[in-house]
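A.B. asks: Given the sequences, and given the hints that come with them, work out the whole structure.
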Amino acid sequence: MKPIDEDKIFNDYMNRINQVEQVAKKVYLLQALPTCIQGCARKGMEFTSTKRPLSDIKDGLIKRDEVFVRERITEVGKRCKKCEIIDYLTYLVGDDGQYLGYNPKTNIMYYDTINHFNRFGKERIQALYNKLANELEAKGI
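Yeah, the sequence shown ends on 140 if you go by numbering that gives the first Met the number 0, and it's all consecutive.
Keep in mind that the hints were calculated from the coordinates and are not lab data. Computed from a predicted model, the values in this text were never measured in an experiment. Worth double-checking, as some hints may not be accurate.
What the hints assert, rightly or not - Straight line, CA to CA, 30 Å or less: simulated DSS-like cross-link-like pairs of lysine-lysine:
#, residue 1, residue 2
1, K25, K138
2, K81, K130
3, K25, K81
C.D. replies: Take a look at the structure:
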């Protein structure tokens, strides 16, 4: 694997962040999550229609493709003086620390049919946004 400084995607990202830093007081970077497979919500619904819990599908709805993207974003966050990384992952993992795209206890998925957070996914990450809003309010922003 080549060094990150030779990675074209990383360098493009850094160039854009450097431009944004010139005009912004603060930059929030959303850390990457594993991708929900194509048709994730539909496949989850089809699976549960057979009266089986999603926990039986284990991580079958998720592509573990986030490693390199997370590394890039982490490095951008280190080099950017005005950046703060927002990471949903800790709010979405189960008790075992695994991210599955659903809650294995309640059998509720976090995504809708177009791979956006649904109401249940938003509820899981709301605490992060409340914390961020409180920090901004305390700073008078």
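A.B. asks: Look at each hint and say if it fits the structure.
C.D. replies: These are the hints, each one checked on the structure:
no. : hint        : verdict
1   : K25 to K138 : holds (12 Å)
2   : K81 to K130 : holds (18 Å)
3   : K25 to K81  : holds (5 Å)
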